[in-house]
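Please take these sequences and the hints and turn them into a complete structure.
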Amino acid sequence: MANSRQLWAKSGPDRLLFAADIAGTLVFAIEGAMAAVNGKLDLIGIVVLAFCTALGGGLVRDILLGALPPAALRDWRYPAIPIVAAVLVFFLDRYVRAIPAAIQVLDAAGLALFAVAGTVKARLHKMNALVAIMLGTITAVGGGTIRDVLLNQIPNVLRIEVYATAALVGSACMLAARKLRVPSNAAAAIGGGVCFLLRILGIWRHWNLPRALGQ
Amino acid sequence: MANSRQLWAKSGPDRLLFAADIAGTLVFAIEGAMAAVNGKLDLIGIVVLAFCTALGGGLVRDILLGALPPAALRDWRYPAIPIVAAVLVFFLDRYVRAIPAAIQVLDAAGLALFAVAGTVKARLHKMNALVAIMLGTITAVGGGTIRDVLLNQIPNVLRIEVYATAALVGSACMLAARKLRVPSNAAAAIGGGVCFLLRILGIWRHWNLPRALGQ
Amino acid sequence: MANSRQLWAKSGPDRLLFAADIAGTLVFAIEGAMAAVNGKLDLIGIVVLAFCTALGGGLVRDILLGALPPAALRDWRYPAIPIVAAVLVFFLDRYVRAIPAAIQVLDAAGLALFAVAGTVKARLHKMNALVAIMLGTITAVGGGTIRDVLLNQIPNVLRIEVYATAALVGSACMLAARKLRVPSNAAAAIGGGVCFLLRILGIWRHWNLPRALGQ
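Chains as they are written, first to last, in my numbering: chain A, 1 to 215; chain B, 1 to 215; chain C, 1 to 215.
No lab work stands behind these hints: they were computed from the structure.
Keep in mind that the hints are not guaranteed to be accurate.
Any copy, or any two copies together, can satisfy a pair, since identical chains are not distinguished.
25 Å max Cα-Cα, derived SDA-like pairs, lysine to any residue [said to hold, decoys possible]: (1) Lys126 to Gly66; (2) Lys179 to Ala23; (3) Lys121 to Pro100; (4) Lys126 to Pro79; (5) Lys40 to Ile154.
In structure tokens, the structure reads:
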């Protein structure tokens with residue numbers, strides 16, 4: 001516990017990033033747990049879906065980067081979050097559902113955070129810009145994709161309004177800002193902000209990307 | 001063959017563990033092959049599903065641990081087992097189906113064995129207790145999950161009576177026993193025994209975990 | 001660009017292999033994009049499916065070999081190909097569909113190429129023959145499997161006429177030829193040729209593997 005408290009007491013920006021990461025993981029875990037409840041799964045199914053939704057994107061990113069074991073398995077707090085989320089949803093499902101707007105805003109925040117974090121990690125591992133954007137997007141939408149595959153649905157991220165697109169554009173904006181010598185924290189804020197705003201606009205205006213011409 | 005016979009002639013406990021591992025792999029492979037027959041797949045589909053069901057859980061565990069290439073690809077006997085199982089089921093499907101009770105008991109044994117083996121391997125790779133329990137459970141139920149995803153079904157392990165739960169509780173009991181300084185072989189026997197009994201009781205009493213309150 | 005042109009200007013056989021690899025990736029990407037259009041996905045869904053179909057098999061192979069980050073993420077041209085394919089299909093879908101026979105022939109060529117490339121890479125990583133055949137087959141059919149899982153379908157590779165089988169037999173023929181001391185380039189040509197011909201024959205004669213006896 002002493003050791004864990006030390007980890008929490010990091011310097012300013014790192015602490016902020018860590019807190020944001022935990023918050024994003026929790027939001028995604030709650031969404032995964034709610035999807036499991038909708039799918040009539042039992043308690044362990046709820047834990048499994050919460051786990052896959054919250055940590056799946058980062059796991060796939062770390063596997064592709066060869067950064068193994070993945071970050072999510074090195075710190076006990078990451079796997080603990082989905083368990084907390086599953087128990088919360090298990091007992092409080094009907095109350096959580098009463099605040100869908102809050103969940104959508106938090107989800108957009110989680111999406112932005114994961115896209116930025118994935119892009120940064122890919123760059124630290126010397127991936128080129130195209131791959132970094134791709135891995136940022138995978139970090140953001142990978143967990144939801146695994147959740148939908150397990151629930152036997154076509155992944156929503158492949159269909160709904162400006163979801164993966166928001167992550168991709170946010171990640172690209174961050175790299176473009178870095179190219180223009182914007183400091184890394186400001187570039188991350190720009191990329192995350194663009195992703196968040198695009199997603200909120202997408203929900204609000206029911207934006208959809210076009211499908212193939214002639215379909 | 002000389003080399004292979006040397007491997008079989010290991011000292012007592014190791015030899016037992018290896019024999020048990022091969023037996024568990026064979027049972028899971030047979031179940032995967034039977035699921036493929038139910039899904040109207042052809043011979044190669046049967047081999048693929050036997051392979052994924054028998055080795056998928058261990059492959060995912062080893063990928064997450066960064067223990068690559070996975071154990072299942074380092075010894076030719078592991079990939080050979082699903083081929084044998086597929087051929088067996090291909091020719092003897094109707095006879096195998098005549099003994100469902102035997103298959104359920106063997107499946108519970110395979111579940112227990114894989115949960116214990118996965119937990120032990122995770123601990124050897126310095127994973128913390130929570131992650132070790134998780135990886136033990138993934139080893140036990142990962143193959144069946146991949147099988148069901150390929151067959152376009154919601155994974156049964158997320159739904160049926162005390163399946164993933166048995167693996168999880170068995171794994172946790174083993175770690176608790178180790179914490180209480182029980183010798184490692186005895187702790188493994190305790191964990192495996194708890195998993196096996198829970199699963200058999202689950203089948204016998206049609207136990208199910210509760211779903212979310214208010215659903 | 002200068003650097004890229006240098007890469008293209010490799011010596012004879014390497015250059016041929018690289019060109020063939022790029023061609024195979026492009027064909028698979030186009031097929032993935034067309035499947036996404038059929039599934040009514042939007043532009044980013046088309047890119048994602050093109051990416052998974054074209055690069056998924058190689059990614060799974062490299063993950064299992066522990067050859068991380070995967071080859072497909074080390075060279076920007078590999079992830080660029082699915083984007084090009086998605087844009088092509090997005091605008092020209094109806095024209096591409098007008099030439100199904102050409103696509104089937106190109107697909108058979110891609111299958112043969114990927115089976116050979118996967119087997120060679122597995123052998124370079126000291127995998128035994130059985131595992132090398134398996135990884136060759138995974139390279140060839142893994143991308144299509146991921147595509148079908150994301151589209152919520154039972155993978156076609158587990159069902160259609162002599163598809164995974166052609167990859168498996170081609171890979172085995174290549175290893176058998178090497179065992180008989182055929183030079184590596186000739187062995188690759190034999191393996192790839194067998195795979196290609198089997199697949200074309202499979203389409204032409206509507207060959208199917210048998211299902212379990214008594215079904």
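What hint numbers does the structure not satisfy? 2, 3
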